[in-house]
Every structure is written in C-alpha cells, then in structure tokens.
Amino acid sequence: MVSSITYAMKGRDLLFQHGIKSYVERTPHSNENAGCGYSIYVPNRTDEAEAILTRAGIRVLGRTEREDVG
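Residue numbering for the sequence shown follows the working numbering, beginning at 10 and increasing consecutively.
Please note that a few of the clues may not be correct.
Claimed, not checked - Taking lysine to aspartate or glutamate and the DMTMM-like style, the derived pairs with C-alpha atoms no more than 20 Å apart in a straight line are:
#1 Lys19 - Glu59
#2 Lys30 - Asp56
#3 Lys30 - Glu59
#4 Lys30 - Glu57
#5 Lys30 - Glu74
#6 Lys19 - Glu34
#7 Lys19 - Asp56
#8 Lys19 - Glu57
Stated by the list, open to error - Beta-carbon label-pair distances, calculated as ranges:
#9 Arg64 - Pro37: 17 to 23 Å
#10 Arg72 - Ile14: 25 to 31 Å
#11 Asp22 - Gly46: 17 to 23 Å
#12 Arg64 - Thr15: 14 to 20 Å
#13 Thr73 - Ile14: 23 to 29 Å
#14 Ser12 - Ala60: 16 to 22 Å
In short, the hints are calculated from the structure, not lab data. Beta carbons: idealized from backbone N, C-alpha and C, even for Gly.
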C-alpha cells in the first residue's frame, strides 16, 4: 500500500525497470487501511520490490497477502 496513485504508478514503473512485474490496484477498504487508496500488486519478488521502492523514497505503508482463489 502506498500513499497515492502517483506513488503507485511511479513504483510500478520503477519495479518494471528492475524486471519485476507489478500492477496498480485500488486498495480494498478495511479498518486496517482506512486512509490508503492505492496499492502496487507484486506477485513475485515482494521483499526485493519493497527494498527497491524504499531505496527510491517511495514509502510502503503496509503489505497484505492475497488469498489464493482457485
């Protein structure tokens, strides 16, 4: 989760430059993330992706795991 759509798009583009697939998504509304509107979904290499974002000055407000749908 990031603080704005702008950071989400910048983060997605930065991760793409590092060969990491990611997607900008609306953050589902819950009590835990009441103020966050956008997230960057990273299906793989999540720890590496978070480190890249942090080094670039993009503050990660939180992480959640997706439930497998199948």
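To see whether the hints hold, each was checked on the structure:
For the hint pairing Lys19 with Glu59, the CA-to-CA distance comes to about 13 Å; that is within 20 Å, so the pair holds. For the suggested pair Lys30 and Asp56, the alpha carbons sit about 13 Å apart, so the restraint of at most 20 Å is met. Restraint check: the Cα-Cα separation between Lys30 and Glu59 comes to about 13 Å, which is no more than 20 Å; the hinted pair holds. Straight-line distance between C-alpha atoms of Lys30 and Glu57 comes to about 12 Å, which keeps the hinted pair within the 20 Å bound.
With a C-alpha separation of about 16 Å, the suggested pairing of Lys30 with Glu74 holds against the 20 Å cut-off. Between the alpha carbons of Lys19 and Glu34 the distance comes to roughly 13 Å, so the proposed pair stays at or under 20 Å and holds. Under the criterion of a C-alpha separation no larger than 20 Å, the hint pairing Lys19 with Asp56 is consistent with the structure, at around 18 Å. Proposed proximity of Lys19 and Glu57 is supported: the alpha carbons are some 16 Å apart, at most 20 Å.
Range check, Arg64 to Pro37: about 27 Å between beta-carbon atoms, so the 17 to 23 Å window is missed. Between Arg72 and Ile14, the C-beta spacing of about 18 Å breaks the proposed range 25 to 31 Å. Separation of Asp22 from Gly46 is about 18 Å and conforms to the stated range, judged on CB atoms against 17 to 23 Å. Our hint of 14 to 20 Å for Arg64 and Thr15 holds, since their Cβ atoms are close to 18 Å apart.
Hint check: Thr73 to Ile14, Cβ distance near 18 Å, so the stated range 23 to 29 Å is violated. In this structure the supplied range 16 to 22 Å holds for Ser12 paired with Ala60, their Cβ-Cβ distance being about 18 Å.
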